[in-house]
Amino acid sequence: MDRFIQTFGKGLYVVFMALVVVYLVFPVLVMIPISFNEINDLRFPPVGFSFRWYEAFANDPVWVHALFTSTKVAFGTVAVSATLGTLAAMGLFQCRSLMRAPLQGYMLSPIVTPVVVLAIGVFMVFSRWGIAGTIPGLIIAHSVLAIPVVIVAVLTALQTMPPNVVPAATGLGGSRLRVFFRIELPLLRPGIFSGAVFAFITSWDEAVISTFLTAPATKTLPVLIWGGVQTGLSPIIAAVGSIMVTLTALAFVVVWIFRTRKAA
Amino acid sequence: MTIAANPETAGERGGLLRRMARANWLLLALPALAFFSIFFVYPLIDIAMRSLQGGVVNYERIFGTTLYVRVVMTTFEMALIVTVCCLVIGYAYAYALSATGGYLQVFLTLALLLPFWVSVLLRTFAWLVLLQNTGLINQGLLALGLIDAPFQLVRNKFGIAVGMVNILLPYMVLPILSVMKGIDPKLMLAARISGASYLRCFFRVYLPLTLPGIISGCVLVMTLSLGFYIVPAVLGGGRDTMIAQLIADQITRQVNFSFSSALAVTLMLFTGIVFALFALSLRLAKKRLGG
Amino acid sequence: MTYALQLEAIWKSFGSHVVLKDVSLDLRKGEFMTMLGPSGSGKSTTLNIIAGFYYPDRGNLYLHGKEIAHVAPNRRNIGMVFQDYALFPHMTILDNVAFPLEARGIARRARRDKAAEMLGVVGLAEYVDRSPWQLSGGQRQRVALARALVFNPDIVLLDEPLGALDKKLRTEMQIEILRITRQLGATVISVTHDQEEALIMSDRIALFRKGELAQVGLPRELYAEPNSVFTADFLGESNFLNATLSRGGGQAVLQGDGWRYAVPSDRIGPNVADGPVKVMLRPEQMTRLAGADAAADRAFVRAVIRDAVYLGSGIRVFAVTRDGTEVQITHPVDADARSLERGCEILLGWKSTVGTVLQG
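Protein chains in written order, with full-length UniProt numbering: chain L, 1 to 264; chain E, 1 to 291; chain V, 1 to 360.
These are computed hints drawn from the structure, not numbers from a lab.
Yeah, the Cβ is synthetic: ideal placement off N, Cα and C, and Gly gets one too.
It cannot be assumed that every hint is accurate.
Computed cross-link-like contacts, EDC-like style, restricted to lysine to aspartate or glutamate with a CA-CA straight-line distance of at most 16 Å [as the list claims (entries may be wrong)]: (1) LYS186(E) / ASP84(V); (2) LYS114(V) / GLU102(V); (3) LYS66(V) / GLU8(V); (4) LYS168(V) / ASP194(V); (5) LYS287(E) / GLU8(V); (6) LYS186(E) / GLU160(V); (7) LYS351(V) / GLU284(V); (8) LYS210(V) / ASP84(V); (9) LYS168(V) / GLU196(V).
Incomplete in silico selection of chain L near chain E, CB under 7 Å [as the list claims (entries may be wrong)]: (10) ILE147; (11) LEU155; (12) LEU158; (13) MET161; (14) VAL229.
In isolation and in its complexed conformation, chain L is listed as follows:
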């Protein structure tokens, strides 16, 4: 009886886990087959097979413009957040005072701040400053969300760095600046790289702040998708979504390989 319950329970657990995996992965993957529908409907399983929605996307100047805007903003965000985030992480790591925990909490707090609150705050302030609706405005707002992501990635890398490298190099007569560029930066490259990739994804996917902050000329892909979801479901969204999912998966795989190769 004991063993029966045990086996039965185990079976039930395995089935439950399988369902959870499906629940997690399915909505992400379902986008791709849907995008190949021949008909103007989000049918799954798809009806026929065609690239017509990808063509429609490529031929629509509004979508293409949004693609470029998204890319520009994402790269800008990477530049700002990777620089500031890396420096801040190194500063936090070196800090041994009691200030460290509260400072770290402060710099990571955008992660737990409700995005809507941040969005309306930034919207009201940026409107006054005249940078709402501009690409630099978007880059700045996205960086607020992306810097903590970079900090976490770089801090993780710092914690796994051999602890005596920097003191040793400084002791051998390297100037502080030299040590930074020749020793620390190369050692931290994997951490900074994954931080940068995650910052890119953060900006690339950001929808809430962007809907408040974009003007018609600076709409990003998520803003267009958001509008599309609210007005009517077009398979173009599935096509755009598939491209974004594929890109994200690629970025993730690159980081994964980068990390495991470093560990090996």
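Following the hints, position chains E and V against chain L.
Chains E and V alone, transformed into the frame defined by chain L:
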């Protein structure tokens, strides 16, 4: 600090360099600190100021209007439902991750983290497609003859819960997993040979030991779900409005900046209270474990 | 008689790796047995099979005559002390010790009284309300012992119980564990790789080698009458001299490199065949001879000193015989000790009545 960590250098060059080294970290963190002060903290302060335009009238309006009180209640209700669902599913998932190895573990990790990095908006969109009356789930159930008419799976609390749990699950799994990984497996053997059945083993030993992870996970999920915007907006119905939607609506539709700001402050306040309560209980739980 | 525990031809493999081959072992009630052996010899696997954490592939396991090879660990009534004690960190000391009673459905009041009593036996009466992390290593060990004994188990298993303690504390706890288990009349199986610990604590020792039992017996049997080079080598220091054995007419002749003597053949184990053998001698059984002492009843071998180390109580001399065998003896600290220089040739002698002949 790195320089001072080398006693020889610090000793030779004396106090000035040591002081400089000590202040080094501040210099590195300064750009980010300044950036956050201007573009993160200042907007929040601006919200707080605006919410108080004309005194506390905005807050009186929030807590004096049945409609808005109901929105607050709905927000908490959804946060609670989502947290409980995440806990049940996430605990089981974290256990699976901690108990397996090899390719299965890699697979489970990927299944958890890959969707994590796909945009919330796209996943919500996918759920809308799947859950609507003509969506896969209803069509499947109809085809199997299990139901006669499509179930209403979306534009209600069920739809919101499905979407939010899907997005928030990793925030529950990861803290629980990190605690589970630190539990000495011999404790389970010790409980077993002491005469405990599997159930007693779980409820008297394993569950209490994972409590810190459970609390951390619940804090994250609860505080994050209070501020959810996209999911309830897309998958929820008109009667299931949550605070975040109200905040956005007040700006985009009503153009009422000060009332929206007051709602935002209220949301932040609630988030802070929930966070503080959980942090307190986490401290108590850890104290019992001697951490 | 019924034994407290019987292992009958136990086999166990993990994948293609056979870890236990046909292990049989009996344990009398009240006996303290140590399972000794190098790591990977199968002693821990045997312990886990007795505990019920693994089930054997083949063979039987009897606890007081009852077959339990496939019974779940929580239904075996066996107590166990783990290597790092495995105390429950979220419970007080008292709750830790009361846990086995709780699992047996004993009322709260009764189990707390019994646990407190057991904590008194192990000398921790005033620590009941502490948490495990507030105790020292030795105190945790006592708690673990109390938890393993509180429910009057049929046997108690100790898994490297002293491994985590420092040397001084270890000796103290060896005596303590013996006192407590004797006082309660417990039957104990202990696993260790520390031969000294095994010699001090055990009524009997079961020596494992590559998944098989090499020898089972009293500590002094294993030390003085090893049945194999492995046993002799594992317990204490030993020298192995090469020799050739030939039996005939109630006499056994041992022919070595430059030495030869005869002993009654009943002094040589029946499992040793004529031909090349090893003569095992403990360092204290060999002495340095002056040339004149090389008498007929004494066997002796020539060796060249390689090293001499001062140990306080004596001098440990390492030397090599002409056929390349390394030997060591304990030399008293006296006037002769000065001549123990590297490269010197010495005569090492032993009485023909000592020395164990083993299959080479």
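The hints, checked one at a time:
1. The suggested pairing of LYS186(E) with ASP84(V) holds, with an alpha-carbon distance near 9 Å, which does not exceed 16 Å.
2. Restraint check for LYS114(V) and GLU102(V): satisfied, since their Cα atoms lie roughly 11 Å apart, inside the 16 Å limit.
3. In summary, the hint linking LYS66(V) to GLU8(V) is supported, as the alpha carbons are separated by about 12 Å, within the 16 Å threshold.
4. Only pairs whose Cα atoms come within 16 Å are accepted, and LYS168(V) paired with ASP194(V) is accepted, the gap being roughly 15 Å.
5. Straight-line distance between C-alpha atoms of LYS287(E) and GLU8(V) comes to about 48 Å, which puts the hinted pair past the 16 Å bound.
6. A hinted pair counts as satisfied when its Cα atoms are at most 16 Å apart, and LYS186(E) with GLU160(V) qualifies at roughly 14 Å.
7. Only pairs whose Cα atoms come within 16 Å are accepted, and LYS351(V) paired with GLU284(V) is accepted, the gap being roughly 12 Å.
8. Distance restraint check for LYS210(V) and ASP84(V): the Cα-Cα separation of roughly 25 Å exceeds the 16 Å cut-off, and the hinted pair is therefore not satisfied.
9. A hinted pair counts as satisfied when its Cα atoms are at most 16 Å apart, and LYS168(V) with GLU196(V) qualifies at roughly 13 Å.
10. A hinted interface residue such as ILE147(L) counts as satisfied when its beta carbon comes closer than 7 Å to some beta carbon of chain E; here the least separation is about 6 Å, so the hint holds.
11. At a threshold of 7 Å, the smallest CB-CB gap from LEU155(L) to chain E is about 12 Å, leaving the interface hint violated.
12. Residue-level restraint check for LEU158(L) is violated (minimum Cβ-Cβ distance to chain E is 12 Å; threshold 7 Å).
13. The restraint placing MET161(L) at the interface with chain E is violated, with a minimum CB-CB distance near 12 Å, outside the 7 Å limit.
14. Of the supplied interface hints, the one on VAL229(L) holds, with its beta-carbon coming within about 5 Å of a beta-carbon of chain E, less than 7 Å.
The structure is inconsistent with the numbered hints 5, 8, 11, 12, 13, although it conforms to all the rest.
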